[in-house]
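Could you build the full structure based on these sequences and the hints that come with them?
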Amino acid sequence: MSTHHPPSTRMEQRLAGYWSELLGLQEIGRGDHFISIGGNSLLATMLANRIEEELGIRPMMGELFNTLEEVATLCEQLLQEQEEAGR
Numbered sequence: 001m002s003t004h005h006p007p008s009t010r011m012e013q014r015l016a017g018y019w020s021e022l023l024g025l026q027e028i029g030r031g032d033h034f035i036s037i038g039g040n041s042l043l044a045t046m047l048a049n050r051i052e053e054e055l056g057i058r059p060m061m062g063e064l065f066n067t068l069e070e071v072a073t074l075c076e077q078l079l080q081e082q083e084e085a086g087r
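Quick note on numbering: the sequence shown equals residues 1 to 87 in UniProt numbering.
No lab work stands behind these hints: they were computed from the structure.
Label-pair restraints from in silico Cβ distances: (1) S36 to R14: 19 to 29 Å; (2) G24 to A85: 33 to 43 Å; (3) S8 to Q80: 13 to 23 Å; (4) S41 to E70: 17 to 27 Å; (5) H5 to F65: 17 to 27 Å.
Predicted model only: the values in this text are computed from it and were never measured. Where is the CB? At the ideal position from N, CA and C, for every residue including glycine.
Now the structure itself:
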């Protein structure tokens, strides 16, 4: 039995909210993989669109099938790169 580790960073919490809405789940853990908790390619496309609308970045589709923690880290990196490119 795995232990549930709730989102701990702001980005993880934000993304967990998106996942929760798309997947109809109450609890999303840091170690949850989008695909293994009910996600599919259509929902991943919707997730990518939501991330782009809300955060102004667009992760590659394959990257969205990682854990919540990994996707949050990637989004933070993309935001930082975008900020540095704008300087």
